[in-house]
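Enquirer: The chain contents come next:
There are 2 protein chains.
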Amino acid sequence: MEDKYAGLKLGNQLCFPLYACSREIVKKYKPYLDELDLTYTQYITMLVLWEHGQINVKELGECLYLDSGTLTPLLKKLETKGWVTRQRAKEDERVLIVTLTEKGKKLRDQAAEVPAKMSCCVKLTPEESRTLYTLLYKMLGDA
Amino acid sequence: MEDKYAGLKLGNQLCFPLYACSREIVKKYKPYLDELDLTYTQYITMLVLWEHGQINVKELGECLYLDSGTLTPLLKKLETKGWVTRQRAKEDERVLIVTLTEKGKKLRDQAAEVPAKMSCCVKLTPEESRTLYTLLYKMLGDA
DNA sequence: TAAAACAAAATTGCACGCAATACAATTGCC
DNA sequence: GGCAATTGTATTGCGTGCAATTTTGTTTTA
Chain L
1 MEDKYAGLKL GNQLCFPLYA CSREIVKKYK PYLDELDLTY TQYITMLVLW EHGQINVKEL
61 GECLYLDSGT LTPLLKKLET KGWVTRQRAK EDERVLIVTL TEKGKKLRDQ AAEVPAKMSC
121 CVKLTPEESR TLYTLLYKML GDA
Chain H
1 MEDKYAGLKL GNQLCFPLYA CSREIVKKYK PYLDELDLTY TQYITMLVLW EHGQINVKEL
61 GECLYLDSGT LTPLLKKLET KGWVTRQRAK EDERVLIVTL TEKGKKLRDQ AAEVPAKMSC
121 CVKLTPEESR TLYTLLYKML GDA
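Going down the list, the sequences are from chains L and H.
1 is the number of the first residue of the first sequence in my numbering; add one for each residue after it.
1 is the number of the first residue of the second sequence in my numbering; add one for each residue after it.
Hints listed in this document are in silico derivations from the structure and should not be mistaken for laboratory results.
Please read these numbers as outputs of a predicted model, since none were measured by experiment.
One should not assume that every hint holds.
Treat identical chains as interchangeable: a pair holds within one or across any two.
Stated by the list, open to error - Capping the alpha-carbon separation at 30 Å, the derived lysine-lysine pairs in DSBU-like fashion look like this:
hint, residue 1, residue 2
1, K9, K77
2, K9, K76
3, K30, K90
4, K4, K76
5, K77, K123
From just these sequences and the hints, can you work out the full model?
Expert: Here it is in structure tokens:
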């Protein structure tokens with residue numbers, strides 16, 4: 001006798017632990033990011049900027065899977081805090097270029113400790129972490 | 001020569017693909033859930049109710065890793081739509097019991113097709129899905 | 001038993017996410 | 001050149017998430 005509702009059980013969902021895990025981990029970042037006056041979304045935005053120094057909103061959105069509705073107000077906050085500047089590209093006025101300031105670059109040194117602190121919170125073996133990483137990017141790649 | 005900032009690369013974060021994947025999958029649910037007039041969070045709430053019929057806010061929050069700040073307004077919306085009722089427990093007036101209505105129970109039949117529709121979107125093999133599921137719950141368990 | 005401690009929801013305030021829309025600049029096409 | 005289609009951001013509105021606080025009800029304890 002099949003349960004026609006089996007697919008609707010919370011325990012049979014793949015999406016739910018993904019959703020719950022994501023929020024739980026972000027929550028664990030909070031105390032460390034609070035020290036830097038960064039939210040999680042602002043943090044991953046800064047990660048991109050620390051790597052690239054300069055990037056426009058469209059490319060940033062592609063990196064982070066976020067759109068201008070999320071990024072525009074967020075980038076204005078980062079600008080207010082003095083970590084980035086926002087200016088239009090001369091060759092195409094539609095494009096907004098986000099650039100790290102000196103102050104923003106310095107923040108990187110404080111942030112450098114965050115990943116090590118976080119790694120203690122994740123109770124997976126290095127191999128499990130790699131497997132998880134690979135599977136997640138496989139899903140994302142097909143998204 | 002080590003890169004002291006290697007840990008800060010977006011590509012070296014385990015959290016980021018988790019966060020991005022979660023949002024991408026929820027986005028894929030949207031067209032199917034729109035047909036049912038449900039958001040994703042409302043959907044997983046209904047999953048719990050379809051399984052249990054009745055549950056209080058605290059227990060619901062433990063199931064979903066959500067607190068009353070999120071659940072209270074959400075449950076009021078489900079009540080407005082006529083899918084659940086909200087009433088205080090007689091033995092302890094602090095406890096609010098959420099109960100499925102007949103209309104709410106009927107919604108389950110429409111929702112029954114959602115998991116099958118979604119499974120087409122996930123490009124992982126059954127084995128990969130199981131591995132991912134196990135790893136995510138391992139992380140959640142230690143959370 | 002009255003006050004203190006505790007517990008469950010609700011409220012408040014802030015920061016996303018994201019769909020939908022608006023707007024301005026650029027490109028393509030005739 | 002001129003106009004339509006396209007592109008890149010910004011804006012708006014709604015629904016979360018969550019920390020912090022408040023409210024209401026219950027239990028513990030002096």
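Enquirer: Now look at each hint and say whether the structure bears it out.
Expert: Each hint tested on the structure:
1. K9 to K77: between (41 Å within a copy, 22 Å between copies)
2. K9 to K76: Between copies only: 23 Å across, 42 Å inside.
3. K30 to K90: For K30 and K90, neither the intra-copy (38 Å) nor the inter-copy (39 Å) Cα distance is at most 30 Å.
4. K4 to K76: between (50 Å within a copy, 29 Å between copies)
5. K77 to K123: For K77 and K123, neither the intra-copy (34 Å) nor the inter-copy (37 Å) Cα distance is at most 30 Å.
Taken one by one, the earlier hints fail for this structure at numbers 3, 5, listed in ascending order.
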